[in-house]
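**Q** As a plain string of letters, each chain reads:
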Amino acid sequence: MTQEIKQERKLSIELSSEGARGIKFDKAENSASKYLDKKYLRKEKANLPQIAEFETIRHFTKLSRLNFSIDTHFYPLGSCTMKYNPKSYDMLSALQGFTNLHPLAPDIACQGTLETLYEFEQMLKEITGLHSFTMQPAAGAHGEWTGVLMAQAYHKKNGETRTEIIVPDTAHGTNPASASMGGFSVKTIKSAKDGRLDVASLKEAISKNTALVMLTVPNTVGLFEKDILEIADIIHDAGSLFYLDGANFNALIGNVKPADFGADIMHLNLHKTFAAPHGGGGPGSGVVGVCEKLESFLPVPRIVKEGEIYKLNYNYPNTIGRVKGFHGNIGVILRSYFYLKQHDVDGLKEIAENAIINANYLKEKLKKYFPVYFDYICMHECVLTIDKEKFNGVKTLDIAKRLLDYGYYAPTIYFPLIVPEALMIEPTETEGKKDLDGFIDAMIKIHAEIMDNPDLVKGAPYTMPVKRIDEVSAARNPNMCWSAN
Amino acid sequence: MFISNTKKDKKEMLKTIGVDSFECLLQDIPKKLLNTKMNLPKPLNEMDLVSHIQTQANKNKKVLNFLGAGAYEHFIPSAINAIATRGEFITAYTPYQAEASQGTLQAIYEYQSAICSLFDMHSSNASLYDGATAVCEAVNACVRANGKKKILLSKTLHPHYIETVNTYLANTDIEIVLVDFDNGQVDIKDLETKLDDATSCFVFASPNFLGVLEDGESLQQKVHAKNALLVSVVNPISLGVVATPGSYQADICVAEGQPLGNGMNYGGPHLGIFACKKELVRQIPGRVCGIAKDKEGNRSFVLTLQAREQHIRRERAASNICSNQALCALNAVIYLILLGPEGMKEVGEVNLEKSHKLKDQICQLNGFELKYDAPFFNEFVIKCPKPAQQISDELAKQGILVGYPLNKFDKSLENCLLICATETKSEKDLQTLVNALGGLK
Amino acid sequence: MYKAEECKYAKSHEWVHVDGDIATVGISDHAQKEISDIVFVELPEVGKQVEAGKQAAVVESVKSASDFYAPVSGEVVEVNEAVKSEPSLANQEAHGKGYFFKIKLSKPEELDNLMSFDDYKASL
Chain A
1 MTQEIKQERK LSIELSSEGA RGIKFDKAEN SASKYLDKKY LRKEKANLPQ IAEFETIRHF
61 TKLSRLNFSI DTHFYPLGSC TMKYNPKSYD MLSALQGFTN LHPLAPDIAC QGTLETLYEF
121 EQMLKEITGL HSFTMQPAAG AHGEWTGVLM AQAYHKKNGE TRTEIIVPDT AHGTNPASAS
181 MGGFSVKTIK SAKDGRLDVA SLKEAISKNT ALVMLTVPNT VGLFEKDILE IADIIHDAGS
241 LFYLDGANFN ALIGNVKPAD FGADIMHLNL HKTFAAPHGG GGPGSGVVGV CEKLESFLPV
301 PRIVKEGEIY KLNYNYPNTI GRVKGFHGNI GVILRSYFYL KQHDVDGLKE IAENAIINAN
361 YLKEKLKKYF PVYFDYICMH ECVLTIDKEK FNGVKTLDIA KRLLDYGYYA PTIYFPLIVP
421 EALMIEPTET EGKKDLDGFI DAMIKIHAEI MDNPDLVKGA PYTMPVKRID EVSAARNPNM
481 CWSAN
Chain B
1001 MFISNTKKDK KEMLKTIGVD SFECLLQDIP KKLLNTKMNL PKPLNEMDLV SHIQTQANKN
1061 KKVLNFLGAG AYEHFIPSAI NAIATRGEFI TAYTPYQAEA SQGTLQAIYE YQSAICSLFD
1121 MHSSNASLYD GATAVCEAVN ACVRANGKKK ILLSKTLHPH YIETVNTYLA NTDIEIVLVD
1181 FDNGQVDIKD LETKLDDATS CFVFASPNFL GVLEDGESLQ QKVHAKNALL VSVVNPISLG
1241 VVATPGSYQA DICVAEGQPL GNGMNYGGPH LGIFACKKEL VRQIPGRVCG IAKDKEGNRS
1301 FVLTLQAREQ HIRRERAASN ICSNQALCAL NAVIYLILLG PEGMKEVGEV NLEKSHKLKD
1361 QICQLNGFEL KYDAPFFNEF VIKCPKPAQQ ISDELAKQGI LVGYPLNKFD KSLENCLLIC
1421 ATETKSEKDL QTLVNALGGL K
Chain C
2001 MYKAEECKYA KSHEWVHVDG DIATVGISDH AQKEISDIVF VELPEVGKQV EAGKQAAVVE
2061 SVKSASDFYA PVSGEVVEVN EAVKSEPSLA NQEAHGKGYF FKIKLSKPEE LDNLMSFDDY
2121 KASL
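Chains as they are written, first to last, in my numbering: chain A, 1 to 485; chain B, 1001 to 1441; chain C, 2001 to 2124.
Each hint should be verified, as a subset may be incorrect.
To be verified - Derived DSBU-like pairs: lysine-lysine, alpha-carbon spacing no greater than 30 angstroms straight-line:
no., chain 1, residue 1, chain 2, residue 2
1, A, K467, C, K2033
2, A, K257, B, K1011
3, B, K1032, B, K1042
4, A, K349, B, K1411
Rather than coming from a laboratory, the hints here were simulated on the basis of the structure. Please read these numbers as outputs of a predicted model, since none were measured by experiment.
Assemble the whole structure, with the sequences as input and the hints as a guide.
**A** Dropping the structure here:
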């Protein structure tokens, strides 16, 4: 009988042999002590691994094969929009003309990138209806905080001090965190019974002290706010601004312009709707668009066109300033530009259409096994939960881990907070029906296991490189560095 | 374009859903919102896209680059791209489901460890957006740690870093005080005047924006004597030869990690490095990866200390940061492992040598002299016989980026250029620059 | 050490055990079961003034951060270092070695607003 012979996975430092070399440079003619006094010199060699190049390649290639990834697995992660990342964009964003460009090179030497960024902004304006964009924020959360600062600058310019920001209880954690970072107090309003924003609660909560109301549309339970036009009016009548968290833009793209329903500021997660890869945790990009009355507050520099030449312009006296070094995650933005160049309006509509059909199909097929918390027509994602009475003590976490054994990454779990034991599923438009059917099949099998063999599910996963991890001990005694070993 | 569903698939799914057409699924959206028009150009197929983009890329001029000032041209070994562009790394999600993400997690753990080894610091996080935002997070961490409301920033920090800190702290009650420089280094007397019991931290860079190295030990003594925290900003590629922040007791050390295996990419994505002393571990912002055991006792890796982060603490989170620059950190850790301690020493020494050689050659030209009699790594300030901006413009016409004109940095430096020479500059390249400077009218 | 029966309780699951004008506080057994494995306890500094009903500490599990509200007002005179270095004590001995800190009471009359052990048990 053959069994897999398990070999312990090593850290690179554990593969180290004294004297082994990877990349070499020709030695300098003189040692550092010729140029620098002793006190400026490093005393001891760094405790870095000494490994040959080949071993490094093998080490990391083996590590890569431990991962799930979009290229290998279906990721029904709600709110993450794990769609296919087109391969040509890897090659194109790596062109030397783009990667070797110094951010402080004179504008005239950067016309390729500047023209591309300018055109990208024009396309985003067309798609969202907003007036202007900044490319600078490095991620969604960064964009949210940028928006919060602009809202404050706007009110200040109008002679008003407003100190409160309203978020619904379904908001992504970055919303209240960004508000807090911007120096605001956060008021959370409870959602209505149907999972949508409770308009009455909004009316009650909003005041002359509200600077901003931050909403995700469709919301994080996958539902479109039917009353969005009334909601926008309430926000604006109170003199507040409407911030749109663009994380769920995949449901709207091509069909709805956020400016049309009253959004004043929005960020777009380029690593979500706009197909830039997640990279295992980054880099992303959170470009931010604003309506005309907020344009002057955008971070600098902005990209402008003068005749046929594209330039960086720093001359905006009301700008909130810089939110990071240089101009933004250009390498990421380029990929999203390529993506938009390959889609016209019909192409964009097709994205939203397939995303929404896929999500509703999954909901219909799964709802008799896993209750749908808000059983309405959903947008690009839906939220399921467990049946506390019938599931024999099996929790959402267990289902997530068991799905890994079936070859599917788990949906988003325990978010949004208003749904107990939440399973938020977003298939995206790039998954086809046969893959969805495979997922449905796996979920149905897991349901059967929950009924007949709940302990099996509670002990999952079994087929991963590691079994279920003891996160408690890891948190109580954190070991974050190999020299702690 | 990238849709897998066929018409037949959609028809079947709509039937299962129980609606006649897709439009029924949009019933919650007010009709007038759906009547919108968008004007977008004709979409490009892959062949035409590649052709168009190659043209765009070629519009960026290929130059001989001596410009540093926060973004650096370094040699990037091919092994890095070979690994980091693998689909399993690049299209993976954030490693929240640890059992399915051991590749990414071990890579992050190794990145954190390599940074600690290189910097001589106790702990590192999984990275932040860039050097500028890392300085902001460091300052916030100091204020959280000791509750004091005044921070000192050296004027020789990168101007973008100072600007970003100003933006970050605009709506807080934290006082920002700038410390002067003298002969290219922190003016110790000015620092002593401004340091007091209300000071939370002092942030300085070594090498600083002017390329000059600081005496960390003497700064450390002054700052710690006043019970303030010391934050240093470093160039990680210098640490193969230059004294580490750990060696002069920095409490927090941050850096722009772009020089480690990442292209300049017109300014991003770059890599914010954050490392600190053991006592400050709970103040670390952003993601951290730790070692754990699985239920069978096998070593594994997991995102840990998550209860500090925004998705749990929400408005009470120390920072709103969600993502890290995982792929850029991957490039950096592969770089550090490929080079190892010997390679880091080699590349550091070559940078030192090239820049010092270039400095010597330039100073032989009439009217050019080294501005600061102070130690430097791979960047230095040259005082020129004409305004630096003019020289920069003239040489740009010849396809040479001579350096950063410092008139924008400080009015007293109108005729000064910040010039950088990394290991990528050959003898011929150095000669080309020197000839161009010599040939100026 | 701080017997559950001898304590008074806030609705938000904190207990108080009084000895003269010093009140020891911690989280109830019910709370520690709800939170489950505690990985970190963020305690106030000695000397800090705490106010009844206001957040004074944070209890972290792997997946959550729960606020601890001071059940009574006063000055923090002692902080339990043991629970800082060994957070599991808050689970194992919520009424013993896993206490959080001690307060010098500034408004002893606040104790009248708290529940007795029996009332607290009934409220669960």
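**Q** Take the hints in turn and mark each one as holding or not.
**A** Cross-check of the supplied hints:
1. A:K467 with C:K2033: holds (25 angstroms)
2. A:K257 with B:K1011: Holds: K257 of chain A and K1011 of chain B sit about 27 angstroms apart, inside 30 angstroms.
3. B:K1032 with B:K1042: OK: K1032 of chain B and K1042 of chain B at ~26 angstroms, within 30 angstroms.
4. A:K349 with B:K1411: At roughly 54 angstroms apart (the allowed maximum being 30 angstroms), K1411 of chain B and K349 of chain A break the hint.
Figure legend: structure checked against the earlier numbered hints; the only hint not met is number 4.
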